[in-house]
Amino acid sequence: MKHSWLAALALGPLLALAPGCSCNLDGSDDDGTVRPLHGDPGRVTLRRLNRAEYDNTVRDLLGTALRPARDFPYDDTSFGFDNVADTLSISPLHVEMYEQAAVALATEATELPLEELYDVVVPAESPEVTATTGAAYGDYYNLWSNGELHAPIEVPVAGLYALTARLYADQGGPDLALASLGVDGQVLDTFDVVAATRDTAELHTVEVQLQPGPHTITVWFHNDYYDPGNGVDRNLKVDWVSALGPLDAEPGPNPIRDRLYTCDPQSIGDEACAQQILSNVATRAWRRPLAGAEVGGLLGLFQAVTADGGTFDDGVRVALSAVLLSPHFIYRVEVDPDPEGPEAVPLGDYELASRLSYFLWSSMPDEALFAAAEAGALQDDAEIERQVRRMLADPKAAALTEEFAGQWLYIRGIDNMVPDVWTYPDFDAELRASMKEEMERFFASFVGSDRPMSELLTATHGEIDARLAAHYGVTPPSTAWGAVDLTPAERGGVLGQAGLHLVTSYPTRTSPVQRGKWVLSQLLCSEPKPPPPGVEGLIEDDANPQTVRERLEQHRADPMCASCHDVMDPLGFAFEHFDGIGTWREVDHGFPVDAMGELPDGRAFYGTQELGQVLAEDPLFSQCVSRKLFTWALGRAPAPTDAPYLLEINGRFGDGDLRFSELAVAIATSPAFRMRRGEP
Amino acid sequence: MSFKPHAKWWTPKLAKARGGRLSAPSRRAFLGGAAAAITLPFLESLRPWGQAWANGHPPVRLVYYYVPNGIVMNQWKPTQTGPGYDLPRILEPLLPVRDHVSVLTGLANRAASVPVAGDHARGTGSFLTCATVTHTADAAQIQNGISVDQVAANAIGHETLFPSLEVGMSGGAPVGDCDSGYSCAYTRNISWAGPSTPMAKMTDPKLVFDRLFAGFDRTLSEEDRARRERWRASVLDTVTDEANTLHRRLSRSDQAKLDEYLTGVRELEKRMQSGFTGECYPSDPPGLGLPYAEGVRAMNEVMVKALECDLTRVVTFMMENAGSNRSFDFLGVPGAHHELSHHQGVASTLESLAVIDTWEVSQFAWLVERMNEVVEADGTTLLDNSLVLFSSEISDGDWHNHDDLPVLLAGSGGGHAVPGRHIRYSSEQPIANLFLSMLQAAGVNASSFGQDGTAPLDLT
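Listed in order, the protein sequences are those of chains X and R.
Heads up: the first sequence begins at 1 in our numbering, then just goes up one per residue.
Heads up: the second sequence begins at 1001 in our numbering, then just goes up one per residue.
The shape of chain X in the complex, shown without the other chains:
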């Protein structure tokens, strides 16, 4: 094994698994008992889809552009990731939103959409309304003698419109109030108004063909009656008028429905067709074939709806909403043959297909994976490897960048940073977006082109755009995004990327502590302990300006702080030439920057280029990458019993060329990924 300078400080990340873990590299316990390899694959608790998985799954299931989970509550994170089964819980609010989403998705999938309707309500008292008599009151218009009330509308397209007036009257005399409703001076309906109070006011509607453009809705009052001697007064009162249409618009196309409706009820019968549609969609939504009773349950819903006056579409819509609200959709269900048995058993074919697809795509399996599961092929290492390589080449593998690397490298944090506008006037939304895209493109290049992951730390070239080129002081690429030699700017690898500098800074200054902590926890899996009380914050002394480095060095004079900061801070100092938004600087608070760092074993480095070389050569780095992706793939924290699996996985990855695909294959073929056990 290569030399690890951190070995003296902490257990290596493979083994620093849990408090009190005392497993050794060969998989033996301290008492020398060697665990049988593949003895205990562990178990993953029933896991619900997280927000990204939900949205990706409905995208791939239905082809919808809706992203309902964006409105769901945030997922909590554990061990650095938001897909950890034990942590993903369901509150009543979740179920409520699952139902709303299921109804919205099922409606979209079954409806024949009409043109956007023109839909306007004009209160009679509003200023654009005119009349030949009477007056506007707080919330109605009083036509107190015979006359007309005019409300302007402007319809966008030709078609049949419903015009409505809400009316009541002060009744008096021998007759009811007599009114008419019409448009552009033409009476379309004449009627008695019976209602006498606003609460009971009545609605009168006419339907009329209108051309596009402005029109006037008119209400007439015909039979005013006034008998002051007896205090009798008949007035017509208008609450509001409205227009809605066109009612005769032709339905537009719905490709989601076209894909869903694989049969024609006219030709094979309603129930046979409904059964086919529901069975197909549920098999994909639940990511496994359905039992006969399960199909029967969904068909029963369809039948109940159509027996209750619903149409064929109503029936399919309601049953589809049940498919999407079902626990078999919301959760990734893996069933133990013996829920209390300690024996490790292989996952079912379909369960394994889902593990693969949610690992690499954060989404459901595609047709090819389903086919492999159906053929029973996924129990074979070579087939798993073939599938993994195929899936990594698929555009859906972008989920590894957005979800896995987004959290591992803190790329997601870029969106939430608020650099101080006075300290960093150059920062804007465009620079933020470019920073994020640079990091995403960089990570994606390891998934896509399979370059060694040591280059995450040592790459000489990076893909940037013109904005970043200006920010970095290098020649811009000839295309919008292009590879540029960054070594003159001393920015090789992720350690030189402005997005990383941003997410590890405070709004007004850099934080060598956060940067050192990021290196330790994200690249070396050696998270420092949280600080003792009363040490948060650095003293800003305006009268005696100091560099951040000087202030931190004072702080480390305290032995209580030194124990952790002696490790963290020197790593962070290597970044000191990059300010809080990653701009190169030679001075900090008027003093020259010193980016010299030193390791506990005495090796020194200057700047992030040299730090990157040191880290890339350290076996802790590859072990840590293995551990991060293992956590992500399984949705659980590594346990002491995982040590033999992690050693095996890292053997293939870390002792090789550090290729991402090798790591993904090693994890996907590991018994920890392919097997599970009950809970004794």
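Worth flagging that the hints you see were computed from the coordinates, not collected in a lab.
You may find that some hints are simply not true.
As the list claims (entries may be wrong) - Beta-carbon label-pair distances, calculated as ranges:
no. : chain 1 : residue 1 : chain 2 : residue 2 : range
1   : R       : VAL1116   : X       : ASP566    : 19 to 25 Å
2   : X       : ASN230    : R       : VAL1375   : 32 to 38 Å
3   : X       : PHE591    : R       : ARG1089   : 34 to 40 Å
Note that the structure is a prediction, hence the values are computed from the model and not measured.
Where is the CB? At the ideal position from N, CA and C, for every residue including glycine.
Starting from the known structure of chain X, arrange chain R on it as the hints suggest.
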């Protein structure tokens, strides 16, 4: 009064043209928002259950208003006690509502006083539980107490459509741990249904509005609506059957996860069976994607409407999450909130903090004013029948202390409190005792709360 009861006027053709749209049309929304302040009388018809109030009195409502990072206390504390207290700089926005707001000084949340770092997370986790949270970043190891709003919701929540409402302005930090090894669950949630069950909050006022008010499709006839409810009930029955069948095949911890789902489905069924028809439908849904300050205002307005329509009687609001580093550049303040709160006694930093604190109090004052405008059936105001608490997870940003907390209490709680005073408590008076008083005012039978709430404060 701009409410228009909707009559049955949708012809089948119209209903079809409306095409099963989910959201109800808002009459005023089409007009570009004639923002008439609605003052809704407490009509019996608005009640979900169609029952009369006990004794004909409106019920007591409880609101908890959280702001992060403490307060500059020497610009907060009045020097005079009793009514007509003086208003130091940060409390100046209370001027128009001073008679309705009490300042309570000297209260402490001792459960949060533990000598390790992470006071923001711990103080926020304990904010309404008055229990010491476990120090873990692993969500599976979380332990807290039940929060005061959830104690109230358990006791009186069944009388409203929503037992409680949890809202705030920020979802959460997307990466990293949240505060010195404390789980993000502590920094993002003040409402806790149980020791390991934070109540997820909603952070977009438009979505909260839709959840409260837009679930009722007014484009349907009564008959169509009833039919849809029957279908919806069948769906819930079907998924419940599926979950129960699955439950029998799972191990213990898997069953525990599935129980969360079943609980949620049962809540939906209960709400559906309540017979609520959504007559209390306000105008002017908030816009989507509002800037922060407008979002706060919109969220507070939605809170008022939820209380006004008696959709819930218990509301928690988080202005931001614990230790928030939000930038307040719209107030002309440089820097970020948490960073600033470590003020080190520097005058310019304290000035920036005081500007932020004053703005926070002005938002609270606006909420109090709005609640005071809403007139209930018996002529009292919503504020008269509410107790609205304002506080933070710590007192001073440098010290991170959990005693001498900044506390405001607005409203009369249906006669259980006399507001408009500065009350100075002796040092270390547990804030849990104030929570106990608030519970009792709402008719909750409680004799203790949290770790140290045993003697309710006399607020009259």
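Hint by hint, which ones does this structure get wrong, listed from lowest number up? none
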